[in-house]
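Using the sequences and the hints, build the whole thing.
Protein chains in written order, with this note's numbering: chain A, -4 to 281; chain B, 149 to 442; chain C, 4 to 274; chain D, 4 to 274; chain E, 1028 to 1308.
The hints are simulated quantities; they were obtained by calculation from the structure and are not laboratory data. Only a predicted model underlies this, so the values are computations on that prediction, with no experimental measurement involved. Be aware that one or more of the hints could be misleading.
[Unchecked claim] Ranges of calculated distance between the beta carbons of each label pair, as one might list FRET restraints:
| no. | chain 1 | residue 1 | chain 2 | residue 2 | range |
| --- | --- | --- | --- | --- | --- |
| 1 | C | S24 | B | G261 | 47 to 57 Å |
| 2 | E | N1219 | A | A76 | 26 to 36 Å |
| 3 | C | E122 | D | D22 | 33 to 43 Å |
Built from N, CA and C at the ideal position, the CB exists for glycine as well.
As a plain string of letters, each chain reads:
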Amino acid sequence: MTGPRWTTGVEAAAIRARYPAAFEGTRERIAAAAIVATMLALAGLAVWRLDVSFARLGTGLVQIAAIVGGMFPPTPGTHLAVFMHALGETLAIAFLGTLTGALIALPLGLLAAKTIVPNVFAHFAVRRVLDTIRGVDVLIWALIFINVVGLGPFAGILAIAASDTGSFGKLFSEAIENADRKPVDGVLSTGGSALHAIRWGLVPQVVPVIASQILYYFESNTRSATIIGIVGAGGIGLHLAEQIRVLEWGQVAFLVLLILVTVAIIDLVSSRLRFAIIGRSTVEVG
Amino acid sequence: MTANALRLPPEQAAHLLGHYRAGVAAKRRRLVLGMVVLAIAVVLAGIGGEVDIPKFLANSHRLPAYVWNLAPPLSWANLGNDIAEWFWNFDGWLLLLGDTLLIAYLGTLLGVGGAFVLCFAASANLERRPWIRFVARRLLEFCRTVPELVFALLFVMAFGLGALPGFLALAIHTMGALGKLFAEVVENIDMKPVEGTIAAGAGRLVSIRFAVLPQVLSNFASYALLRFEINVRSAAVMGFVGAGGIGSDLMVAIRKFYYTDVSAMLIMIIATVMVIDLLTEQLRHRLIGLGDRT
Amino acid sequence: MLVVEGLTRRFGTLKAVSDASFVIEPGAFVGVIGPSGAGKSTLLRMINRLVDPSEGVIRFGNENVTALTGRDLRRWRRRAAMIFQQFNLVGRLDVLTNVLMGRVATVPAWRSLTGLWPEDDKVVALSALEQFDIGSLAAKRAEHLSGGQQQRVAIARAMVQEPELILADEPIASLDPRNTRVVMDALLRINRHFGITVLCNLHSLEIARSYCDRLIGMAAGRVVFDGAPVQLTDALARDIYGLDSEQVLDGSARAPEPRVRAGAFGEAAVA
Amino acid sequence: MLVVEGLTRRFGTLKAVSDASFVIEPGAFVGVIGPSGAGKSTLLRMINRLVDPSEGVIRFGNENVTALTGRDLRRWRRRAAMIFQQFNLVGRLDVLTNVLMGRVATVPAWRSLTGLWPEDDKVVALSALEQFDIGSLAAKRAEHLSGGQQQRVAIARAMVQEPELILADEPIASLDPRNTRVVMDALLRINRHFGITVLCNLHSLEIARSYCDRLIGMAAGRVVFDGAPVQLTDALARDIYGLDSEQVLDGSARAPEPRVRAGAFGEAAVA
Amino acid sequence: QDYKASYPELVFAKVPDENASGTTDRWTPFVDYLSRQLGVKVTLRIANDYAAVVEGQRAGNIHIAMYGPASYARAYVTGAKIEPFAIEVSGDGTKGYYSVLYVKADTPYKDLKDLAGKNLCLVDPNSTSGNNVPRYAMNKMGIDPETFFSKIVYAGSHENAVIGVQQGTCDAAFNWWNDEKESNLLRMARKNMAKAEDFRIIFKSDLIVNSPMAYLTTLPESLKAALRNAVLNVATNDPAAFNAIYEGKQLPFVAVTHKEYEPVVELIKFVDELRKKKRAS
Ligand SMILES: Nc1ncnc2c1ncn2[C@@H]1O[C@H](COP(=O)(O)OP(=O)(O)OP(=O)(O)O)[C@@H](O)[C@H]1O
Ligand SMILES: Nc1ncnc2c1ncn2[C@@H]1O[C@H](COP(=O)(O)OP(=O)(O)OP(=O)(O)O)[C@@H](O)[C@H]1O
Ligand SMILES: [Mg+2]
Ligand SMILES: [Mg+2]
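In structure tokens, the structure reads:
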């Protein structure tokens, strides 16, 4: 039951003659194929060079079963209070560290966005600074701040803030570049300054993206052991690493579950917050 | 001038203003409440996190202390030799960097694939059935919450030592992390083009391909490349599965306090990060058409 | 035959469309008129199932449109082409691909997904663009077009769908007189020639009167008029639009001596 | 006095506006007409300096608009209010805040940046909305409005700017007859009453003729007509729009017996 | 007591043990005890990475630290101004543990020399018992591991090294070993990750001297004396605190000087030499 083909009268040959470009497109297709081929070739090279083999799969599965079996039932052992305390501590550190990093990164992100700072040099310089911040390992950030404030949660907050600044700056700048230009033009056209255009034309658009990135990093910092453990602030990640090291699988499972619940809660808050900002709109996609 | 002329009589204005206030009151209240909660959280976290600003300021002159140590002894007279001395293991590190890039590439590729498949099921604007969304979101959380080390250990048992367990662990984590970020990018798109395609009878795949992808591809690309960069730097898993790589060598150098090695490797890693970032930028600007706007 | 029964849509407390009922015979050219915010767009979007009705049913032939899901829903949408008030193009894709979107339901999935469109469909899409004088823009990004050009791309997309029903939401709002004619004539032709039903939101009463067989007038969500254009007296129309009786109806009619009517702006509010 | 001299804008190889020159006296109500894609929007955007001219100068009074930067540019934009064809509202903000955007240049920065608008400005913004019957929508998100409602918000924003010049890009495209009148009357009033210059892109020749003191016709980027509405003969207008001589000009005029003219769609292309 | 004014707060840092969990639980009573004895606040910091502890001592904001032997030596070599004053004593009265080489029980290898051309698993480049001591020992035997073995694999962890042997990735692997009752292999066996009977030891290193506790040399003498007194007598003054740490498996701390760590320092220097050798080649 399709509609009538009202297009049957169309003269294909004439159209083709008038718009030859629309029927070529071979160059793009070759380019696309070349990109895919290169990616596959690289993957092949990697597999070969890294000597990847699936040979031992069979025997190992038994041992996996042993470990996974050891994870049941998950149990806090005798450390429940310690774990909960560590979780709280971790949340506090991750929260402040992420927030501080985001606050520092915001102006940097604006400077690194091509749509805001068209000056190539400024833009280039800021982006390279951000690259450098990201390139420096978290362990090094930790050591730098241990020199200043000693071991402890404060050093963890600073190290997280520093290392996240690099990622945030990059992500924020890209969110900003991706924003729709029309509202920004709307604000500018009334005589608004660049600040106004950012505050009213840009921020409402990018806030959901930025909020989700901040919450994601908060979550990620909560579960990652690295910085908080290194700087001697304890934290849930330290306990997790410890339990893995001493092969206490039941407690590992318990800690993972604990973190999973925390992460799910953060995820829930994140969704709520973002949908409050962007408004929910769904259509039934067939 | 004009504005005054169009001013409404006071009662009518007051009425409208009241109407407006009532309309935004709930939102206002939520905003204020949110701010208060945030402020309380900051204070509490500040206490819990033993934040000590005066101490930080008093000791801030020590900020460059560690970095200072990293500087190699360079002299003008002997610059070439000094640099050669500094990068004494350049070849070896380059090889390690290459291996790391390959592992990270494989891990990222697999992870991005998985994330790409799952993200649409996890986003509320394209997936109406809440249970599918719930399952997808929890699955992604599981993948990024179970520590890479646990996955790595399990895979070592299954596949033996080597790169394979390393990049599988990376891939799973990458999938969990990117899946969430991708889903949120998708939730943030303009739905008008999607309506446009489905109104033409397009199915899910086609509307994703033509109405969603053009909007999200640049973000996907940049997230994926950022994750690639993170995977290049992530030393822990690689070292753990015995796959080495530049990250674990850097760790060793930091722990053994081979300062000049640390700075040499850092420079190489930072250069790599810069190259990846430049590539990302090129790709993104192409995708969002920034290049041809000017 | 399109049957709409007791159709209602709420947004929060607001009833954007409220208990609308009408029947549209196959092959009719029906205009929907009414003041801004009357619910015209919402009505059309419900028929295409982009907005779910809060109450009421829509039937087309034997089919209960309101109950469709999945593949059936897609098939229905293919049959009921929609032209959006805000165009709803994919700004970052080129014009031709935007038009080819109208063919997705008929092209095999592997072809459309890889962008390897059949030559035939490209010909159809290009000829549709050419109908509206924008064949030469086929390779341009949609977001770089002028307003009127975008609108014509959106119309071309609906045309190549070869639908049985066209839902056009102010298809000529951004068009100049010539293109207004071109587009309305095109709609009229496929309506007359192929018996395709057209349901068209229009702001210009003149256009509505000259092209439509029948007009449906909406105000504040309700259907307040339903009849042939001749039945729509000026008094009735003024009622629909909430105009005072001394005001003429069509904006296009001479403005009554503008130079003289320059009163204080404040008065306009209650005019 | 607005002076435009040799204004040109290229997009790639395309000249969207090409060597446009004209002078507009203070207090004039000038309509810009021309087919879709003629460069009307680009012209207005250049005057507001949202698009930089490739060549040519724009002067207003003693000021060289093309050379302005920074604070001066912002001051100029405040004086030259722009109404966009696609509204350019911030969809996620409420309607009142969108209108208050028109006041950013006059409100202290700390207030405008924190959103603590003075009561007075809110009253002004609400009054402007009420002029267009949408005062009650002030708290709604702009993206939830109907097309015509959004357009009126955009106009209200321009009004509260207290500009010296209004650049309106098809301000009535999405409006019903009543609102078309309301908006055009409002423009006319502030033009007559306060001597504010209005430069207005219009698609409807009828409206242009009845409201404007003077018309500028554009086609393919060039200014092809410049004179009083009476000077624009039908023949000239047909020329601008590229219509054949037997075609009537205004879309709103009766369509020549639609039922009879039902030719094959393919023929429409060359109609 | 003069130090209280200038040192109102002392920081005690600890790297988590290789072979026990609950580091915080176990050390908190001890730190509380120190605090009571010294009359100043003592804060316990557990850092996951000993580089952080070394850096903190170099910067002077960690006053007392419990090191592993190698990490103490590393801190010393790196120029931290510290001196050891107390050492752990194992249950049998020895002051150390060993690095051992495992092979599969059903293989013919009797001795390290039999492994020529085979694959060897080391733990990671930073491990004392899993890398540094084995290399040092082999060097003394005149074996150059890079040429002697066909392949050297860094397994990444002690467990992975055992798994490597079990799965045949390597023919032999180094690991830590305390005594007949405690070793990494036994621990894995208790968790069903390996069977102890499947493995055989064919080499045992010299004693690796136990972990020291070290303070900053810049601390005032009175404070140092008070610290020594408190730590060396903890087992008698506060048995509960002491037992919380070692659960009765270890004997009380005894005094120690840097001299006992000279061999470990030598080991560290040897490891640094290795790196330079790599450059030469
Ligand atoms: N950013 C851009 N990039 C490339 N081409 C553009 C861009 N903006 C406009 N154009 C082109 O410039 C020409 C003039 O566009 P403009 O928007 O000024 O037309 P218009 O007269 O306003 O038309 P309409 O009545 O349809 O709105 C069109 O052909 C359009 O495709
Ligand atoms: N998503 C939404 N959320 C809340 N209210 C909405 C939404 N969409 C539409 N509305 C409201 O519903 C009413 C009808 O809107 P609709 O777009 O159908 O009007 P319309 O008749 O098409 O008007 P116009 O001629 O101005 O386009 C309006 O008052 C509008 O504000
Ligand atoms: Mg509408
Ligand atoms: Mg335009």
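Violations among the numbered hints, reported as their numbers in ascending order: Hints that this structure does not satisfy do not exist here, as all of them hold.
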